[in-house]
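K.L.:
Please work from the sequences and hints to get the whole structure.
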Amino acid sequence: MSWQTYVDEHLMCDVEGNSLTSAAILGQDGSVWAQSANFPQLKPEEIKGINNDFAEPGTLAPTGLFIGGTKYMVIQGEPNAVIRGKKGAGGVTIKKTTQALVFGIYEEPMTPGQCNMVVERLGDYLIESGL
Numbered sequence: 001m002s003w004q005t006y007v008d009e010h011l012m013c014d015v016e017g018n019s020l021t022s023a024a025i026l027g028q029d030g031s032v033w034a035q036s037a038n039f040p041q042l043k044p045e046e047i048k049g050i051n052n053d054f055a056e057p058g059t060l061a062p063t064g065l066f067i068g069g070t071k072y073m074v075i076q077g078e079p080n081a082v083i084r085g086k087k088g089a090g091g092v093t094i095k096k097t098t099q100a101l102v103f104g105i106y107e108e109p110m111t112p113g114q115c116n117m118v119v120e121r122l123g124d125y126l127i128e129s130g131l
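Each step along the sequence shown adds one to the number in our numbering, with nothing skipped, and position 58 is 58.
Lysine-lysine pairs mimicking DSS-like chemistry, simulated, CA-CA at most 25 angstroms apart:
id	residue 1	residue 2
1	Lys86	Lys71
2	Lys48	Lys87
3	Lys43	Lys71
4	Lys86	Lys43
Label-pair distances were calculated between CB atoms; the ranges are:
id	residue 1	residue 2	range
5	Gly17	Pro57	27 to 37 angstroms
6	Gly68	Ser2	21 to 31 angstroms
7	Met73	Ser129	30 to 40 angstroms
8	Gly88	Met117	12 to 22 angstroms
9	Leu131	Cys13	10 to 20 angstroms
10	Gln41	Glu9	19 to 29 angstroms
11	Ala61	Gly88	16 to 26 angstroms
12	Gln28	Thr63	16 to 26 angstroms
13	Ile127	Ser31	13 to 23 angstroms
14	Thr63	Gly17	29 to 39 angstroms
Rather than coming from a laboratory, the hints here were simulated on the basis of the structure.
Built from N, CA and C at the ideal position, the CB exists for glycine as well.
P.N.:
Pasting the structure below:
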């Protein structure tokens, strides 16, 4: 299965009538493996900040999580596994795998829990597959 198929069929899927607004799978170096049409372009310093927060949880909390120049307030996460951010009626979930970062960005009516489920389920599958 191609990386684009993972994005199109597993991240941008329908969840109770809702779907993510954008999604991507990136290498931990920030290289794009696959992305939805409207996923924002990440800046090198944004990837660096995300990787730093995975290594040392809490480093993004004071400054916020930036994705394509959009600032998200960092909320609960799981050390070295998941970063979650909130912005207005939407947010983002980032799941770290062995080799990649899986991103899901959502707006209402999708819920944070639905976004977490979609992103983390694919991330867990990739981890189990050694990716």
